[in-house]
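Participant: The chain contents come next:
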Amino acid sequence: MLKSFHILVAVFFVAIGYAEGQNYAGPNALGPFRIDADVSMKSLFERLGQASSTTGDVFCYRSKDGKVFVALTRMVAAYDAKVAGTVTLSSFPNCVNRSVETTPDDLAAWKTKKGIGLSSTADEVRKAYGKPSKEDKIEGTKYRWVIHSDRTDNHYTDKKRPELGDAVLVYQGAPDDLRIAEFGIREGKVVWISLSKNE
Amino acid sequence: MAELKTDMSGHTTTLLTTDKNDKLTVTQIETHNDVVKSAKPGADAPYKSDVVGVSNRHGDSAAYGPKGAFIDTGDSRGRDIHGGGTGLADPLAPQQGWKPTLGCTRGQNEDVINLGNAITQFQQANPGVVIPYVRE
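Protein chains in written order, with the numbering used here: chain A, 187 to 385; chain B, 1116 to 1251.
Mixed in with the good hints, there may be bad ones.
[Stated by the list, open to error] Here are the simulated lysine to aspartate or glutamate pairs, EDC-like style, with alpha carbons at most 20 angstroms apart: (1) A:K328 - B:E1225; (2) A:K345 - B:D1205; (3) B:K1155 - A:D266; (4) A:K320 - B:E1225; (5) B:K1152 - A:D352.
[Stated by the list, open to error] Computed from the model, here is a short list of chain B residues facing chain A with C-beta under 8 angstroms: (6) S1153; (7) A1154; (8) G1183.
[Said to hold, decoys possible] Quick list of the computed label-pair ranges, beta carbon to beta carbon: (9) B:Q1210 - A:P361: 13 to 21 angstroms; (10) B:G1243 - A:G301: 37 to 45 angstroms; (11) A:K328 - B:G1174: 13 to 21 angstroms; (12) A:Q208 - B:G1243: 46 to 54 angstroms.
Hints listed in this document are in silico derivations from the structure and should not be mistaken for laboratory results. Each residue gets a CB set at the ideal place from its N, CA and C atoms; glycine is no exception.
This is chain A alone, in the form it adopts within the complex (with noise of 0.2 angstroms):
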């Protein structure tokens, strides 16, 4: 009788995952970013240092040894532009034709919860959050926007970019869950890696 109705438990959680769609298993937290919070643009400029302007929607900063680059992204003002929406983490540029500030942090220990970080392998990616949502591949303009005003009159560059890899593992929730995490592999290695709660 206690086994049938730990079953029949079983079964309506089953289905009420099913119904809701597949949950966010990616990671919430990208060194002092997190998407499960607000975290306030103003704690991350005290941390990676005051931008040259604070207006506009994107800061770039990058590392002393000029190894590692961050990209911030307010949140949309109709929620609230105060807040960080994304964080874009790379071992090679991730802004061209902006201001790039230098930052005093240690942009390399910026990790996951579970420790993956750039130069993290795809295999530990898996194995730290599980089968990816998807398995994109890097062609045409696809994730090009990782790079940030690689733009002349409202196209791509044609300059390559094979800094971006070649595969995406992208770690995403309901339809209605705008929790988002990618990281970007090149040759087996996390080279980038994305996380927004944006829209």
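Chain A is already provided as a structure; the job is to place chain B on it using the hints.
Facilitator: Chain B only, in chain A's frame:
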């Protein structure tokens, strides 16, 4: 005279303009208003405002789309009309796909650019004439 209207249940945004000869021009695009649960209260509510016009203050942005794909509706809460979509593989593509919002009205990039061009054209031909906006 001009009027901009978003029909949230009908998934359209329509600009109606008439010239000095009363010739009517209709510019209609597909738009969506799927607002996520994490949005602020009232994010998906109807509202009325006066259109400011196309703005490039967000530049090329994953959340808002490419330059020209952002129409400032004059809403004090920033629930504007735009393209893009963070998390889409190519949010700046002409037809980037769909992604829910935190209260804004989303269209495909090339459609929003075309609608914005029609708004700009009207504003340039009729300086000072207000374009009322209604989202319902």
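Participant: With a cut-off of 8 angstroms, does the beta carbon of A1154 (chain B) approach a beta carbon of chain A closely enough for the hint to hold?
Facilitator: Cβ of A1154 (chain B) sits 7 angstroms from chain A, so the hint holds.
Participant: Has the hinted range 37 to 45 angstroms been met by the Cβ atoms of G1243 (chain B) and G301 (chain A)?
Facilitator: For G301 (chain A) against G1243 (chain B), whose Cβ atoms are near 60 angstroms apart, the range 37 to 45 angstroms is violated.
Participant: Taking the CB of K328 (chain A) and the CB of G1174 (chain B), does the distance hold inside 13 to 21 angstroms?
Facilitator: holds, 20 angstroms
Participant: Does the alpha-carbon distance linking K1152 (chain B) and D352 (chain A) stay inside the 20 angstroms limit?
Facilitator: violated, 34 angstroms
Participant: Taking the beta carbons of Q1210 (chain B) and P361 (chain A), is their distance inside 13 to 21 angstroms?
Facilitator: holds, 19 angstroms
Participant: Honestly, do Q208 (chain A) and G1243 (chain B) meet the 46 to 54 angstroms range at C-beta?
Facilitator: Given about 51 angstroms between the Cβ atoms, the range holds.
Participant: Please work out if K1155 (chain B) and D266 (chain A) have their alpha carbons no farther apart than 20 angstroms.
Facilitator: holds, 9 angstroms
Participant: Regarding the pair K328 (chain A) and E1225 (chain B), is the alpha-carbon distance no greater than 20 angstroms?
Facilitator: holds, 17 angstroms
Participant: Hint G1183 (chain B) vs chain A: min CB-CB distance below 8 angstroms?
Facilitator: holds, 7 angstroms
Participant: Given the hinted pair K320 (chain A) and E1225 (chain B), is their alpha-carbon gap at most 20 angstroms?
Facilitator: violated, 26 angstroms
Participant: Under 8 angstroms, Cβ to Cβ, is where S1153 (chain B) needs to be relative to chain A, so tell me if that hint holds or is violated.
Facilitator: Hint holds; S1153 (chain B) Cβ to chain A Cβ min 7 angstroms, cut 8 angstroms.
Participant: Need the status of pair K345 (chain A), D1205 (chain B): alpha-carbon distance at most 20 angstroms?
Facilitator: holds, 17 angstroms
Checked against the numbered hints given earlier, the structure breaks hints 4, 5 and 10 and satisfies all the rest.
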